[in-house]
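Novice: Each chain, letter by letter, is given below.
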Amino acid sequence: NAGVTQTPKFQVLKTGQSMTLQCAQDMNHEYMSWYRQDPGMGLRLIHYSVGAGITDQGEVPNGYNVSRSTTEDFPLRLLSAAPSQTSVYFCASSLGVLGYEQYFGPGTRLTVT
Amino acid sequence: KQEVTQIPAALSVPEGENLVLNCSFTDSAIYNLQWFRQDPGKGLTSLLLIQSSQREQTSGRLNASLDKSSGRSTLYIAASQPGDSATYLCAAHSGGGADGLTFGKGTHLIIQP
Chain A
1 NAGVTQTPKF QVLKTGQSMT LQCAQDMNHE YMSWYRQDPG MGLRLIHYSV GAGITDQGEV
61 PNGYNVSRST TEDFPLRLLS AAPSQTSVYF CASSLGVLGY EQYFGPGTRL TVT
Chain B
1 KQEVTQIPAA LSVPEGENLV LNCSFTDSAI YNLQWFRQDP GKGLTSLLLI QSSQREQTSG
61 RLNASLDKSS GRSTLYIAAS QPGDSATYLC AAHSGGGADG LTFGKGTHLI IQP
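Here the protein sequences come in this chain order: A and B.
Here this note's numbering is used: the first residue of the first sequence is 1, the next is one more, and so on.
Here this note's numbering is used: the first residue of the second sequence is 1, the next is one more, and so on.
Hints are computed from structural coordinates only; laboratory data are not their basis.
All values derive from a computational prediction rather than experimental measurement.
Hints may contain errors.
Heads up, simulated DSSO-like pairs for lysine-lysine below, C-alpha to C-alpha not over 27 Å straight-line [unchecked claim]:
no. : chain 1 : residue 1 : chain 2 : residue 2
1   : B       : 1         : B       : 68
2   : A       : 9         : B       : 1
3   : B       : 105       : A       : 9
4   : A       : 14        : B       : 1
5   : B       : 105       : B       : 1
6   : B       : 68        : B       : 105
To list a few chain A residues with every Cβ distance to chain B over 12 Å, as calculated [what the hints assert, rightly or not]:
no. : residue
7   : 62
8   : 63
9   : 67
10  : 79
11  : 102
12  : 112
From the three backbone atoms N, C-alpha and C, an ideal C-beta is built for every residue, glycine too.
Excised from the complex, chain A in its bound form:
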């Protein structure tokens, strides 16, 4: 198993550009989520999904969209990038919502200029 994979590893955007961060898992996990990690802030939940076709907002959802058309994939879209979205983005997955170990991807380091 490859586990949780994310692409790209690094990305530089100009303010106003849009892009999609890819996340995939091959463990048949129902629950997937996106976090951002900022210095001094810790990791914060952006969006999550409890299964294909179901998504919901986390703590900091503004400026981001998600969709879950398959169990395996959970892309994160930045609609119009802003410097405040400069961060490291992590995707995570677990077998279910409650009581299950969460597995994280290697992260995408995004810089918005």
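Chain A is fixed; fit chain B onto it per the hints.
Specialist: This is chain B only, laid out in the frame that chain A set:
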């Protein structure tokens, strides 16, 4: 709202010492608590998951304890090695997808050879 605090923020000890990392949380109604390791520029590696009904979990030289009533968890590392140098994060799962995991800001650990 759940808040997670980790003390100390940084710790440097000689190789071979036993050490304890502390994690406290404000809302004792958690489903589980998970400890992670993060190496510089890398993703999060799960170390131990403690369910709310458990008191401790062990994996090799690592032992994590949980005291829900006092809102505390500790990660004990025995016979520390330079390879243990990393940032250690604890995360509380308070239930409900919207809550996701609430992370502490981590303890940056350096083991001196």
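Novice: Confirm or reject each hint.
Specialist: Results for each hint:
For the hint linking residue 1 of chain B to residue 68 of chain B, the alpha-carbon distance of about 16 Å falls within 27 Å, and the restraint holds. About 32 Å separates the Cα atoms of residue 9 of chain A and residue 1 of chain B, which puts this hinted pair outside 27 Å; it is violated. Taking the CA atoms of residue 105 of chain B and residue 9 of chain A, the gap is near 23 Å; set against the 27 Å cutoff, the hint holds. Using a Cα cut-off of 27 Å, the hinted pair residue 14 of chain A and residue 1 of chain B is violated, with the two alpha carbons roughly 35 Å apart.
This hinted pair checks out: residue 105 of chain B and residue 1 of chain B have alpha carbons roughly 16 Å apart, not beyond 27 Å. Between the alpha carbons of residue 68 of chain B and residue 105 of chain B the distance comes to roughly 20 Å, so the proposed pair stays at or under 27 Å and holds. No beta-carbon of chain B is positioned within 12 Å of the beta-carbon of residue 62 of chain A; the least distance is around 15 Å. Distance to chain B confirms residue 63 of chain A as a non-interface residue, since its nearest Cβ pair spans about 18 Å, more than 12 Å.
The claim that residue 67 of chain A is not at the interface with chain B holds, since no C-beta of that chain comes within 12 Å of its own (minimum 16 Å). Look at residue 79 of chain A: its CB is around 21 Å from the nearest CB on chain B, clear of 12 Å, so calling it non-interface holds up. Listed as outside the interface, residue 102 of chain A is inconsistent with that label: its C-beta sits roughly 6 Å from the nearest C-beta of chain B, within the 12 Å cut-off. The beta carbon of residue 112 of chain A is kept farther than 12 Å from every beta carbon of chain B, the shortest such distance being approximately 19 Å.
In the structure shown, a violation is registered for the earlier hints numbered 2, 4 and 11, in ascending order.
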